[in-house]
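Undergrad: Residue 416 in the numbering used here sits at position 416 of the first sequence, with consecutive numbering throughout.
Careful: at least some of the hints might be erroneous.
[What the hints assert, rightly or not] Below are the DSBU-like pairs computed for lysine-lysine, each with C-alpha atoms no more than 35 Å apart in a straight line:
#1 K431 x K325
#2 K325 x K387
#3 K219 x K148
#4 K28 x K219
#5 K25 x K384
#6 K453 x K438
Because the hints were derived from the structure by calculation, they are not lab data.
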Amino acid sequence: MTIQRPRGTRDFLPDDTWRRGQVRKAMKDVLERWGYQEISTPTFEHLELFTIKSGESVTEEIYSFKDKGGRDIALRPELTAPVMRMYVSELQNAPKPQRLYYYGSCFRYERPQRGRFREFWQLGAELIGGNKPDSEAEVIALADGMLKSVGIKADIHIGYLGLIRSMLSKVPQEQRIAIMRMIDKKERENLQAYLGDIGADYLGLVELIDLKGRFALDKALELSRDLEKATDASKLPVEQASTVSTTSLGNDPGILDSPPLSGRASARTCREVAAEYGLEKFQKMVDLLDAYGVDATIDFEIVRGLEYYSGTVFEIYASDLGSQKQICGGGTYELCSLFGGAETSSTGFGLGFDRIMEIVELESKRKVPVVLVFTPDVKQEAIKVAKELRNAVPLVLDVMGRGLGAQLKAAAGFGAEHVVIVGRNELDSGKLTLRDMKSGEQESLTLGEIAEKLAGKYQCT
RNA sequence: GCCGGGAUAGGGUAGUGGUUAUCCUGAGGGACUGUGGAUCCCUCGAGCUGGGUUCGAAUCCCGGUCCCGGCCCCA
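All chains, please: the whole structure from these sequences, using the hints.
TA: As structure tokens, then:
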């Protein structure tokens, strides 16, 4: 009986690992060109880091345990919180903005299915220290560039929480939470009915989220004007919703338990984040995206359900991925104060690396190393030759004690394109035999000539 | 947590109660002593797991594990 992998985990064979490496490298190249710097954080953290950010309910989906010192430890379920923790403790006084990126595995105790595993990889970026339209546009354009670099065609949907939060400032908080949830869940009928029940039809929310693209923006501008008028007239204290409150967990059971909420509700009750009209900011951002040449759909239905997002939010979808088609999510948020730092806006995103791997198509294939074939009587010399050639190309040589014929046979089975043959004749003449395994042609060349000839064909990546 | 479909050598498979479990591929060894995947020979290697029904179970029934797809959820 062999030992199995734990549920929801995967082994990556050499080919898989190579493919993942290629994709990762292509996307990292883009990040580096945009001036982002890689960081890494621990695989496990104090459980508290994640419950502070997302509420106690997340513990249900976290791999957590008590260590031998009695500490509550969690395998990280995401990377934003660790990155922000690191920023608060190490980088608060560094020049802003900070452009950072990360790649690493995360763990969630969930039911595995297509594009969803218990250990999965995220590649993400954070631009910390600004909330201007410029930051948001840069980050979205960066995500777009990364996906394009690996040939993925994706739909980018961008929303703006400033407007919706402002609209919702007119209704009590519990209702706000319920409404956000219904928008996020795309429960249109329920939303319509609920807004009717509480007499909030006049907000025009359903109309707004039904529109996509340019029309959505026009509608938003219209609603924004109405909103200003209404506010002026009634002198409603907009600050009620605009105040940044750093109150941590909302432990009010009345709110947590109020139907029809569950799950994310606790996350939303964590805190209030600044809400402002600022629709012109969003418009500027859209114009900048245009300059970047990014094709995005304006979609106010994107609310990302999380209380700490404050400005632009976005999600990216890939069509042929079935039910788990979202490959990227991000936005502008304020998390620093939760971890004890001065409040700072950041914009960032996380890419679901495994889902991307399901849809990328790689044109290149991995090169099989050159095989050095030798007659057993010159093994010592062959090893010295191998050592030299390895400066130029990846190369393997027999360790199975095979004779020349068997070595060639093995090289053919191995899929080698080139074989270098070393025997007494070659050593005496000073020229080695280079055999092209496809054509069967052989030529006599010096070690240097072989190295030069093959180097270009076996560039290690 | 819920619903559906699965699980037979390393990979791919056949087999609806009957005793040595099918075939392909693969891997290792040998023949072959300085030139190819051929051929020949030998070897290795399997019914997820635990119960039950039965004279007898890969096959039928139940539990569990894992995989695939869909819900719930997705910080």
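Undergrad: With reference to the structure, classify each hint as holding or not holding.
TA: Evaluated hints:
Taking the CA atoms of K431 and K325, the gap is about 57 Å. The hint is violated against a cut of 35 Å. Under the criterion of a C-alpha separation no larger than 35 Å, the hint pairing K325 with K387 is inconsistent with the structure, at around 48 Å. Restraint check: the Cα-Cα separation between K219 and K148 comes to about 31 Å, which is no more than 35 Å; the hinted pair holds. In summary, the hint linking K28 to K219 is not supported, as the alpha carbons are separated by about 38 Å, beyond the 35 Å threshold.
Of the supplied pair hints, the one linking K25 and K384 holds, its CA atoms being roughly 33 Å apart against a limit of 35 Å. Between the alpha carbons of K453 and K438 the distance comes to roughly 16 Å, so the proposed pair stays at or under 35 Å and holds.
Violated hints, listed in ascending order, are 1, 2, 4; each of the other numbered hints is respected by the structure.
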